[in-house]
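Taking the hints into account, I'd like the entire structure generated from these sequences.
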Amino acid sequence: MLKRRIIPCLDIKDGRTVKGINFINLRDAGDPVNLAKEYVKQGADELVFLDITATIENRKALAGLVERIAAEINIPFTVGGGINTIEDVSILIGAGADKITINSSAVRRPELITEIAGQFGSQCVVVAIDTMLIDDNWTVVVDGGRTPTEQLTIEWARMVEQLGAGEILLTSMNNDGTKSGFSIGLTSDVSNAVNIPVIASGGAGSMVHFRDVFFNTCCSAALAASIFHYGEVDIRDLKKYLTEEKIAVRQLI
Amino acid sequence: MIAIVKYNAGNIKSVANALSRLGYYSVITDNPYEIEIAEKVIFPGVGEASSAMNYLRERGLDKILKSLRQPVLGICLGMQLMCRHSEEGDTKCLGIFNSNVQLFPAVDKIPHMGWNNFLSLKGDLYKGISKDDDVYYVHSYYPEICSCTTATCDYILPFSASMQYNNFYATQYHPEKSAGIGEKILKNFLES
Numbered sequence: 001m002l003k004r005r006i007i008p009c010l011d012i013k014d015g016r017t018v019k020g021i022n023f024i025n026l027r028d029a030g031d032p033v034n035l036a037k038e039y040v041k042q043g044a045d046e047l048v049f050l051d052i053t054a055t056i057e058n059r060k061a062l063a064g065l066v067e068r069i070a071a072e073i074n075i076p077f078t079v080g081g082g083i084n085t086i087e088d089v090s091i092l093i094g095a096g097a098d099k100i101t102i103n104s105s106a107v108r109r110p111e112l113i114t115e116i117a118g119q120f121g122s123q124c125v126v127v128a129i130d131t132m133l134i135d136d137n138w139t140v141v142v143d144g145g146r147t148p149t150e151q152l153t154i155e156w157a158r159m160v161e162q163l164g165a166g167e168i169l170l171t172s173m174n175n176d177g178t179k180s181g182f183s184i185g186l187t188s189d190v191s192n193a194v195n196i197p198v199i200a201s202g203g204a205g206s207m208v209h210f211r212d213v214f215f216n217t218c219c220s221a222a223l224a225a226s227i228f229h230y231g232e233v234d235i236r237d238l239k240k241y242l243t244e245e246k247i248a249v250r251q252l253i
Numbered sequence: 001m002i003a004i005v006k007y008n009a010g011n012i013k014s015v016a017n018a019l020s021r022l023g024y025y026s027v028i029t030d031n032p033y034e035i036e037i038a039e040k041v042i043f044p045g046v047g048e049a050s051s052a053m054n055y056l057r058e059r060g061l062d063k064i065l066k067s068l069r070q071p072v073l074g075i076c077l078g079m080q081l082m083c084r085h086s087e088e089g090d091t092k093c094l095g096i097f098n099s100n101v102q103l104f105p106a107v108d109k110i111p112h113m114g115w116n117n118f119l120s121l122k123g124d125l126y127k128g129i130s131k132d133d134d135v136y137y138v139h140s141y142y143p144e145i146c147s148c149t150t151a152t153c154d155y156i157l158p159f160s161a162s163m164q165y166n167n168f169y170a171t172q173y174h175p176e177k178s179a180g181i182g183e184k185i186l187k188n189f190l191e192s
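So the sequence lines, in the order shown, correspond to chains Z and U. So the first sequence is numbered by the numbering used here: it starts at 1 and just counts up by one. So the second sequence is numbered by the numbering used here: it starts at 1 and just counts up by one.
Just so you know, the hints here were simulated from the structure itself, not pulled from any lab data. It is possible that some hints are incorrect.
[Said to hold, decoys possible] Below are the DSS-like pairs computed for lysine-lysine, each with C-alpha atoms no more than 25 Å apart in a straight line:
id: 1; chain 1: Z; residue 1: 3; chain 2: U; residue 2: 184
id: 2; chain 1: Z; residue 1: 179; chain 2: Z; residue 2: 13
id: 3; chain 1: U; residue 1: 13; chain 2: U; residue 2: 187
id: 4; chain 1: U; residue 1: 127; chain 2: U; residue 2: 187
id: 5; chain 1: U; residue 1: 184; chain 2: Z; residue 2: 240
id: 6; chain 1: Z; residue 1: 3; chain 2: Z; residue 2: 37
id: 7; chain 1: U; residue 1: 131; chain 2: Z; residue 2: 240
id: 8; chain 1: U; residue 1: 131; chain 2: Z; residue 2: 41
id: 9; chain 1: U; residue 1: 122; chain 2: U; residue 2: 184
id: 10; chain 1: U; residue 1: 122; chain 2: Z; residue 2: 3
id: 11; chain 1: Z; residue 1: 3; chain 2: Z; residue 2: 41
id: 12; chain 1: U; residue 1: 187; chain 2: Z; residue 2: 41
id: 13; chain 1: U; residue 1: 187; chain 2: Z; residue 2: 37
id: 14; chain 1: U; residue 1: 187; chain 2: U; residue 2: 131
id: 15; chain 1: U; residue 1: 127; chain 2: Z; residue 2: 3
id: 16; chain 1: U; residue 1: 6; chain 2: U; residue 2: 187
id: 17; chain 1: U; residue 1: 13; chain 2: Z; residue 2: 60
id: 18; chain 1: U; residue 1: 184; chain 2: Z; residue 2: 37
id: 19; chain 1: U; residue 1: 131; chain 2: U; residue 2: 184
id: 20; chain 1: Z; residue 1: 41; chain 2: U; residue 2: 13
id: 21; chain 1: U; residue 1: 66; chain 2: U; residue 2: 92
id: 22; chain 1: U; residue 1: 184; chain 2: Z; residue 2: 41
id: 23; chain 1: U; residue 1: 13; chain 2: Z; residue 2: 37
id: 24; chain 1: U; residue 1: 127; chain 2: Z; residue 2: 41
id: 25; chain 1: Z; residue 1: 41; chain 2: Z; residue 2: 240
id: 26; chain 1: U; residue 1: 131; chain 2: Z; residue 2: 3
id: 27; chain 1: U; residue 1: 63; chain 2: U; residue 2: 92
id: 28; chain 1: U; residue 1: 131; chain 2: Z; residue 2: 246
Right under this line is the structure:
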């Protein structure tokens, strides 16, 4: 049976992991490779690295970091943040990323999805959709949630599937950072509307939230950052709990 | 020396990385001579079937690959190209395995992406592996079950998770991305 995936997300700035960490056994949790290895040990099914660095110099350093991750990590990983062109993608895939994720750049120029899928295959194109409830409609927002668009989320999700996306990373900006749980309605609507895998994101605050989103929607995976970073939830405990709740997840040997 | 066949497909570096984590040295090459003299050959790939077959034919690698006598491991698209025919781009493939490759019917999410287990394991690759172990799959086309099938997987319908014919081994999943289980399978191949 295909398992639901648990995906920790690591925010990277200037080559270092952002946000406070309290992993006791980790010598340098600010090093993305060290933190990634810890997550792999805990049983993470995939990893997402988001580069939130602005400058071009640091962007070049990102490729070096991706090479180190690829050399050390034995599960699939996705890299994103500031990807605007097929050249950006080529550098990251060449450095060893399995998938890349694009967000605002895909909204501004949807053909980018088709170009990347054409050259590297749909399986490596994860389109991140940030969405906010505006006048009772889930609406696509860009620039980290600062800029609303005219686009309805369901329509955009269907469109990115048509354009060649292999997966959707769906973040509810209303839930993000609240620790009150994933948006079940949104996740359910979008994952029913498309025939590609959907990753639920935004709002994870406890193990029950993962159970709820997996039980009530047909999303393929759930992503979270801070609850894993701060050591609030250990992925081993989460998977044990989900298994007891009859949600199929990968077991560690 | 282990040769990793270079062609216009992604994922090649991941295989080299996985081998080096296991302590094996490899070269990524499309040089027919290097491939012929290698002790083991890995034929990886994520990509599109017809353009990959064209690349191999232009370099004469299609004939070389079929004639190899040392252990060969095809991965994902590599496995599909070792079959007779792929529906992807209506492509005539190498014909090592007597199986055809079809597009999944759209009754569930496509691609089949993520961790799934396998059933009816047989052969050298699965020493120390159990049917409840999960490996990482990502594919929209599947190889049918045939007499070469050494493990099956069930997603939408049952298909070949791996195959073997004489010295030719292949997996639809990605052992190089399948954590500790994948490393065991790769090791079993390398020690075969």
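Hint check results:
no.	hint	in the structure
1	Z/3 x U/184	holds (20 Å)
2	Z/179 x Z/13	holds (23 Å)
3	U/13 x U/187	holds (17 Å)
4	U/127 x U/187	holds (10 Å)
5	U/184 x Z/240	holds (24 Å)
6	Z/3 x Z/37	holds (21 Å)
7	U/131 x Z/240	holds (20 Å)
8	U/131 x Z/41	holds (21 Å)
9	U/122 x U/184	holds (15 Å)
10	U/122 x Z/3	holds (23 Å)
11	Z/3 x Z/41	holds (18 Å)
12	U/187 x Z/41	holds (20 Å)
13	U/187 x Z/37	holds (21 Å)
14	U/187 x U/131	holds (18 Å)
15	U/127 x Z/3	holds (23 Å)
16	U/6 x U/187	holds (21 Å)
17	U/13 x Z/60	holds (19 Å)
18	U/184 x Z/37	holds (18 Å)
19	U/131 x U/184	holds (14 Å)
20	Z/41 x U/13	holds (22 Å)
21	U/66 x U/92	holds (14 Å)
22	U/184 x Z/41	holds (16 Å)
23	U/13 x Z/37	holds (19 Å)
24	U/127 x Z/41	holds (23 Å)
25	Z/41 x Z/240	holds (15 Å)
26	U/131 x Z/3	holds (14 Å)
27	U/63 x U/92	holds (13 Å)
28	U/131 x Z/246	holds (19 Å)
Violated hints are absent here; each numbered hint is respected by the structure.
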